[in-house]
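**Student:** Each chain is listed here by its residues.
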Amino acid sequence: MSRPAVNSDTDFEITKPLKGTAGWLDDRFGGARGVRTYLLRKVYPDHWSFLLGEIALYSFIILLLTGTFLSLFFVPSMTEVTYHGSYMKLDGIKVSEAYASTLRISFDVRGGLLIRQIHHWAADLFVASLMIHMLRVFFTGAFRKPREVNWLIGITLFALALIEGLFGYSLPDDQLSGAGLRIFEGTLQGIPIVGTYLAYFLFGGAFPGHDIVPRMYIIHVLLVPGILLALIGAHIFIMFWQKHTQMPAKGNTERNVTGQPSYPYFVAKTSAWFIFIFAALALLSTFAQINPIWLYGPYSPVAISSASQPDFYMGILEGALRVMPAWEWNFLGHTITFSVLIPFAVPLGIILGGAAFWPFFERWATGDKAYHHINDRPRNAPVRTGVGIGAVVFYGVLWIEGANDVVADKLQIPLYTVTWIARVAVIVGPIIAYVITKRICLGLQRKDREELLHGYESGIIRQLPNGEFIEVHKPVDEDGLAVLEAKKVTALLPAPGSEDDNGVPTPSGRGVLGKARAVANRAFAESIPIEADGHGNGHHGNGHAVAGEEHEAVGAPGSTALPPGEGGEE
Amino acid sequence: MSDMEETEGTEGTESPGAPHRVIGTPPPSPRLLGSAAVPEEPGAGAVALVSDSDEFAEHLEGLPPDDPKVIVHDRRAERVVAACFIIAFIAGCGFVAAYVGLGVHTIDDTLRSNLALGLSLSVTLLGLGLGTLIWVRNLMPNLEVTQQRHDLRSPEKERLATEAYFKEGTANSQFVKRPLVRRTLMLGTLPLLAAPVVLLRDLGPQPGTSLRHTVWSPGRRLLVEGTNRPITPAEFSAPGSMITIVPEGYEDDQDALTKAAVILIKFRPGELHIPTRHQGSTLVGTMNWTVDNIVAYSKICTHVGCPVALYEQTTHHILCPCHQSTFEATTGATVIFGPAARPLPQLPMTTDAQGYLVARRDFTEPVGPSFWERG
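Chains A and B, in that order, are what the protein sequence lines are.
Residue 34 is where the first sequence starts when you use my numbering, and the numbers rise one by one after that.
Residue 222 is where the second sequence starts when you use my numbering, and the numbers rise one by one after that.
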């Protein structure tokens with residue numbers, strides 16, 4: 034309303050109430066400029082992978098809505114009652130009030146089953162979309178300066194989501210989740226020194242006691258959602274403040290952001306996206322039954338069914354428990370049970386801790402202190418991509434091992450063989466995945482280099498006068514060039530023990546840490562130079578040139594692609 | 222090129238004259254420069270419009286809106302959008318009708334209600350979502366904007382000024398200059414930090430030695446889980462079978478059963494080779510804890526406490542379904558595979574005057590998962 038419009042048909046009046054309200058607010062808060070530039074005209078880059086975080090956000094909103102509905106009917110109590118509800122098969126059975134009220138929601142509240150199932154599916158989608166969103170951010174390097182803090186907030190959100198999910202599906206006090214809680218309690222007991230106290234304080238005494246459901250309930254509906262809400266607010270505010278990253282493309286620079294304005298484009302599209310996610314969850318909840326607690330029955334500590342599986346995001350912990358050999362130490366009257374402690378702490382510790390540590394490690398290893406608003410293509414960061422795929426394989430092996438009985442049954446492999454395969458694969462698999470991924474990345478870089486230097490294969494075959502057939506190569510168009518040339522190369526740090534121009538040894542190269550940094554740096558700097566003269570500038574470095582293939586020389590060219598003026602000190 | 226998806230936006234309209242996509246920032250066009258004037262506040266007079274062109278550069282793609290092709294296409298798109306919204310309306314009415322009309326309270330009714338409510342809700346949402354999407358992509362002009370980023374880092378002089386003011390403020394507060402105030406303040410706050418920990422103390426009792434004992438005591442009868450009736454060795458005579466046992470008087474006590482649940486396994490004569498058993502640091506023979514080739518083991522897995530519920534007759538393996546710890550039943554439930562580190566404890570058994578199976582005494586070692594104080 035404050036500028037000549039793109040569209041010519043602006044000859045309508047803004048309704049009086051809207052204009053009046055806006056004026057009233059602006060008189061008091063004076064936000065016209067902020068509303069225009071930060072809200073209405075804010076630019077949102079367009080890429081399918083930028084929708085992944087939105088899935089998480091919208092599943093969370095759906096969780097809040099459906100969860101509020103459920104809390105109107107759910108009774109968080111372990112008091113024993115005799116069930117006389119609509120589900121006749123359990124008539125006369127002694128169950129907890131939590132279980133009975135969950136049955137009531139399912140069979141005696143209209144729409145209750147639907148909302149309960151939407152809530153459960155939304156929880157699964159929430160965690161799944163968080164995982165995929167994190168992978169996207171990792172593989173494109175969107176966690177780099179200035180976004181490290183938001184990356185850490187994201188990891189915290191993910192960890193909280195796991196706790197929130199575990200406590201949520203344990204609330205109905207059914208057989209399946211009760212077994213999960215028992216495993217959780219048994220694991221707590223195993224923690225050295227404080228374990229039994231932790232378990233007794235959390236459960237109000239011996240397992241199962243009468244306190245755990247009401248305690249999990251208040252953590253599940255108030256404490257964790259409150260923290261999640263605050264952190265999500267911070268996450269989105271920081272994203273707003275720092276502006277979104279964008280993919281490499283023609284015209285995209287580190288100094289701009291290109292996309293569609295918030296109003297009306299992004300608002301309309303993201304509303305549609307929210308509605309689609311809601312629709313997908315509604316469809317799943319209509320046709321795909323989830324967590325049928327009436328089939329599992331109420332919890333009993335003496336019963337269990339085989340092939341019980343937790344929700345998918347707990348699969349890694351379950352698999353870690355299953356893959357572990359029986360290691361236990363007894364000394365001085367104390368027991369340390371590694372067969373519980375390692376599965377409990379190590380896999381998620383490696384993945385979440387490693388993810389949290391990574392931006393700082395990468396910065397240390399590459400010496401890259403620049404701002405990054407243009408995402409990396411995964412191939413252009415082979416070490417990062419390799420490590421990421423390694424982590425995915427590590428996670429995946431444990432996740433599958435979490436269902437080793439099902440795998441053994443379906444594939445007709447002996448159960449112990451499955452576990453032995455997993456024991457080997459969980460260590461060897463990530464290493465192989467790293468090596469292969471890195472080679473693939475470098476191979477793709479070679480392909481990019483070929484395209485840049487000689488054009489792409491057009492598919493047109495031409496016969497030369499001498500009878501020879503050749504394929505015509507066509508030069509890459511401008512848009513393609515922009516993508517290819519967006520590649521940045523890690524600078525090789527001064528080698529350990531080397532001296533600078535004044536003959537002073539580099540301080541960074543000393544000691545174990547300095548040597549480790551040099552090794553990491555060399556790995557990061559391994560790259561296929563894209564410049565036509567990439568091997569002509571005398572920086573062949575580690576001399577990896579293969580005879581006859583000198584254009585495939587592996588090594589960092591001396592020229593780095595740090596944007597001028599952005600290598601500021603911290 | 223296989224990587225083009227990385228550069229493509231969501232332009233892809235199906236409009237007849239699908240415009241060629243132009244990526245990038247076009248040179249600032251004159252139309253972006255504000256020149257019109259509107260009155261801002263009564264009495265304020267006419268004010269020139271603010272221009273954002275130093276920050277935003279716009280680029281409009283596609284044919285002009287008065288092109289005949291565009292007019293036809295837009296009219297069709299408009300109708301499709303309206304149809305989607307009408308479908309959403311009808312399905313939404315259906316949702317309300319299903320809520321009012323379909324009852325629950327039986328399994329069949331619940332499933333019918335769930336189907337009707339879920340389907341109508343899904344169709345409503347899909348109608349709204351599709352309509353909105355088609356609207357954005359076919360009716361709204363395809364506008365692309367390039368916005369300038371600002372430096373996130375503050376200018377150096379701002380940093381210095383802030384630092385200077387903070388220094389001044391700290392000096393004014395006298396916090397650094399007066400260590401007595403500073404240290405007593407910290408001292409005064411310290412106990413308060415412990416308050417949350419202190420307040421949480423009553424969350425539960427201390428474990429004490431409770432994890433070392435179960436409710437089994439000399440002469441307490443073994444009841445069959447489910448029927449809760451005592452059992453004689455003669456009634457449990459089929460070799461190879463396994464049943465779950467609960468202690469008399471604690472048939473429904475979950476806290477007690479979590480530790481005291483027992484499995485009973487019957488063997489053929491000569492199959493059982495329970496050699497010895499650790500009791501503290503001494504080895505004791507436990508063959509006399511069995512009755513008539515019937516042996517009682519704790520049902521609680523020594524890994525993380527799942528009930529070991531699976532028994533394979535032919536191999537005499539007891540399997541925990543949670544993490545597949547496998548125990549050899551004939552040799553004292555020793556671990557042969559999986560993450561459990563210790564055998565299942567054996568319950569000493571005998572028979573009472575009526576011939577029913579009873580406990581000789583409590584387990585001689587803690588049952589269930591390992592814990593620090595277990596030793």
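These are calculated hints, taken from the structure and not from any lab test.
Be aware that one or more of the hints could be misleading.
What the hints assert, rightly or not - If the Cβ cut is set under 8 Å, some of the chain A residues that face chain B in the computed set are:
#: 1; residue: R288
#: 2; residue: K402
#: 3; residue: H405
To be verified - Reference excerpt, derived from the structure (chain A facing chain B, CB under 10 Å, subset only):
#: 4; residue: R215
#: 5; residue: L235
#: 6; residue: Y298
#: 7; residue: W306
#: 8; residue: F311
#: 9; residue: S338
#: 10; residue: G366
#: 11; residue: Y449
Where a beta carbon is used, it is the ideal one built from N, C-alpha and C, also for glycine.
**Student:** Against this structure, judge whether each hint is valid.
**Tutor:** Evaluation of the provided hints:
| no. | hint | in the structure |
| --- | --- | --- |
| 1 | R288 | 5 Å, holds |
| 2 | K402 | 12 Å, violated |
| 3 | H405 | 12 Å, violated |
| 4 | R215 | 5 Å, holds |
| 5 | L235 | 7 Å, holds |
| 6 | Y298 | 6 Å, holds |
| 7 | W306 | 8 Å, holds |
| 8 | F311 | 5 Å, holds |
| 9 | S338 | 7 Å, holds |
| 10 | G366 | 4 Å, holds |
| 11 | Y449 | 6 Å, holds |
Violated hints for the displayed structure, listed by number in ascending order: 2, 3.
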